[in-house]
Amino acid sequence: MEWLKKLLNKHLQFFLVDCLLPTTKLPTFPTFAPMSNGRVILPTERFALTIDRLCHQLIENHDDFQNTCLIGIQQGGVPLVNRIHQRLLEITGIPRIEYGKLDITFYRDDFRHRSKPIRASVTEMDFLIEGKNVVLMDDVLYTGRSVQAAMSALGDFGRAQKVELLTLVDRRFNRDLPIKSDYTGIRVDSLDDAYVRVDWQEVEGEDQVLLFPQKED
Amino acid sequence: MQAQLSTKHLLGIKYLTEDDIQLIFETADEFKEVINRPIKKVPSLRDITVANMFFENSTRTRISFELAEKRLSADTVNFSASASSVSKGETLLDTVNNVLSMKVDMIVMRHPAPGAPQFLARNISANIINAGDGTHEHPTQALLDAYSIREQLGDLAGKKIAIFGDITHSRVALSNIFCLQKLGAEVKVCGPPTLIPKHLPALGVGVEHDVRKTLEWCDVANVLRIQLERQDIKYFPSLREYSQYFGINKELLDSIGKKIIIMHPGPINRGVEITSDVADSEHSIILQQVENGVSVRMAVLYLLAARK
Chain E
1 MEWLKKLLNK HLQFFLVDCL LPTTKLPTFP TFAPMSNGRV ILPTERFALT
51 IDRLCHQLIE NHDDFQNTCL IGIQQGGVPL VNRIHQRLLE ITGIPRIEYG
101 KLDITFYRDD FRHRSKPIRA SVTEMDFLIE GKNVVLMDDV LYTGRSVQAA
151 MSALGDFGRA QKVELLTLVD RRFNRDLPIK SDYTGIRVDS LDDAYVRVDW
201 QEVEGEDQVL LFPQKED
Chain S
1 MQAQLSTKHL LGIKYLTEDD IQLIFETADE FKEVINRPIK KVPSLRDITV
51 ANMFFENSTR TRISFELAEK RLSADTVNFS ASASSVSKGE TLLDTVNNVL
101 SMKVDMIVMR HPAPGAPQFL ARNISANIIN AGDGTHEHPT QALLDAYSIR
151 EQLGDLAGKK IAIFGDITHS RVALSNIFCL QKLGAEVKVC GPPTLIPKHL
201 PALGVGVEHD VRKTLEWCDV ANVLRIQLER QDIKYFPSLR EYSQYFGINK
251 ELLDSIGKKI IIMHPGPINR GVEITSDVAD SEHSIILQQV ENGVSVRMAV
301 LYLLAARK
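Residue numbers (our numbering), protein chains in the order written: chain E, 1 to 217; chain S, 1 to 308.
Read the hints as simulated data drawn from the structure, not as lab findings. There may be inaccurate statements among the hints.
As a list, the in silico SDA-like pairs of lysine to any residue whose alpha-carbon atoms are at most 20 Å apart [as the list claims (entries may be wrong)]:
#1 S:LYS32 / E:SER121
#2 E:LYS101 / S:GLU33
#3 S:LYS41 / E:ARG39
#4 S:LYS32 / E:LYS215
#5 S:LYS40 / E:GLU130
#6 S:LYS41 / E:LYS215
#7 S:LYS8 / E:ARG119
#8 E:LYS101 / S:LYS8
#9 S:LYS32 / E:ARG39
#10 S:LYS32 / E:GLY100
#11 E:LYS215 / E:ARG39
#12 S:LYS40 / E:GLY100
#13 S:LYS70 / E:ARG108
#14 S:LYS40 / E:LYS215
#15 S:LYS70 / E:ARG112
#16 S:LYS198 / S:LEU183
#17 S:LYS32 / E:GLN74
#18 E:LYS101 / S:GLU26
#19 S:LYS41 / E:LEU128
#20 S:LYS160 / S:GLN231
#21 S:LYS41 / E:ASP110
#22 S:LYS8 / E:ILE118
A short list of chain S residues far from chain E (calculated; beta carbon distances all over 10 Å) [as the list claims (entries may be wrong)]:
#23 LYS14
#24 TYR15
#25 LEU23
#26 GLU26
#27 THR27
#28 VAL42
#29 ASP47
#30 SER82
#31 LEU92
#32 ASN97
#33 ALA202
#34 GLU216
#35 ILE233
#36 TYR245
Examples of chain E residues lying across from chain S (beta carbon under 10 Å, computed) [claimed, not checked]:
#37 ASN37
#38 ARG39
#39 ASP103
#40 ARG108
Just so it is clear, the structure is predicted and the values come from calculations on it, not from any experiment. Think of the CB as a built atom: it goes at the ideal place given N, C-alpha and C, for glycine as much as any other residue.
Could you put the whole structure together from the sequences, leaning on the hints where they help?
So, in structure tokens, the structure goes:
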């Protein structure tokens with residue numbers, strides 16, 4: 001991957017690849033983006049399609065969700081788990097699928113090394129994961145450190161039979177740790193400086209994913 | 001809303017802002033959830049070593065701090081003055097510097113001299129948490145008291161809180177006054193005139209000598225112990241007389257006819273400042289205070305560790 005990173009750094013502000021999507025058609029995006037502000041890389045209509053596709057992929061592997069629980073990582077994973085949980089109920093007609101929110105602040109390995117401190121959020125897990133299949137969810141998979149922290153946090157709620165990872169956006173060339181998602185919404189190839197933001201209907205008023213050349217203030 | 005404390009040490013409530021206190025409470029909420037899990041431990045402070053230096057006796061505070069440190073995965077060393085070189089004549093600064101040279105990151109200290117933590121903070125680089133300095137401040141006790149009230153009554157703004165007993169010799173009283181006032185509560189103290197410092201009205205604190213009148217006024221009664229070990233002269237004729245005039249008993253509480261939350265920072269002298277039937281009644285939140293002590297101290301340790 002090093003050669004590709006070098007190429008990206010040298011020639012392009014943005015380079016976006018979105019491929020390997022099994023059920024939707026390959027998207028095409030302009031290669032160059034304006035530097036001033038964010039560019040929509042997943043518009044509202046495709047956002048809904050992507051969520052539906054992820055739901056169907058989950059159904060393929062988890063059948064009736066009898067022994068499965070969905071867990072969203074605070075804070076980005078919470079709107080995602082809410083949305084997927086709701087869509088799964090609508091699609092499958094199953095009356096109840098277990099789901100929870102997991103805060104990983106106290107499990108982060110970098111809390112004393114960050115320039116900006118992070119505030120803790122609520123953990124709502126009213127079940128143990130002993131012997132269950134867990135689907136961890138986060139909005140953006142970037143360095144992989146949140147997922148690592150989430151997995152150590154999960155250990156405190158029992159021994160899961162299996163843990164899978166679902167992410168809406170996978171920034172696949174920015175990983176610090178050997179972590180891969182099992183279900184991916186879109187894949188984005190971006191520079192380290194870039195920043196991906198996920199907007200939600202219930203929070204920001206619109207479902208979309210944006211890519212910024214630099215982190216916003 | 002801020003995400004870190006404005007200070008590197010917890011020397012007293014006086015040096016905290018209202019936002020600091022709210023941040024500690026919100027973090028403590030999360031830790032309270034953690035310590036009610038089957039596995040009550042998080043790895044946040046696994047790279048931190050904390051020295052608990054107790055130059056004065058303590059049970060509750062010391063166990064509470066130690067549990068808080070262990071549940072955050074910190075390494076701990078314990079020190080008590082009676083079993084150390086202090087009895088051989090070593091100075092405070094020398095003792096602390098010796099401990100620090102063994103790579104300790106934080107110090108939790110209780111000391112009989114008021115201002116001892118301030119003195120250390122000026123001279124050493126580790127984070128310092130004051131676990132009680134003489135008759136000056138006991139910030140974590142005030143934080144857990146206010147946190148327990150917040151849990152019972154919600155927002156503290158406008159709430160009426162009375163502190164009963166030996167105000168002059170109590171570090172808990174002074175820290176409580178600062179903390180409650182910063183959160184917008186009204187504070188009154190009640191006790192014999194000899195045990196109430198003359199300057200208290202200057203802090204905006206009401207002074208009362210009639211227990212019944214004060215109980216009728218307040219929502220929460222925080223009852224303090226008579227600190228005989230700090231009293232070099234006689235401040236009142238006898239404990240028996242004190243408990244008759246200033247003790248809180250069931251008959252008195254029942255005759256008020258409204259629900260008053262009873263608190264006590266411990267250790268309780270049963271039958272002196274408070275009778276057993278009051279201390280064990282359903283209005284008493286004394287044991288909740290102790291429980292909350294661990295989560296509040298976890299929050300303080302965690303937030304200070306984030307301040308390099």
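Q: Compare the structure with the hints numbered earlier in the document and write down the numbers of the violated ones, lowest to highest.
A: Structure breaks hints 3, 4, 6, 8, 9, 14, 16, 20, 25, 26, 27, 28, 29, 37 and 38.
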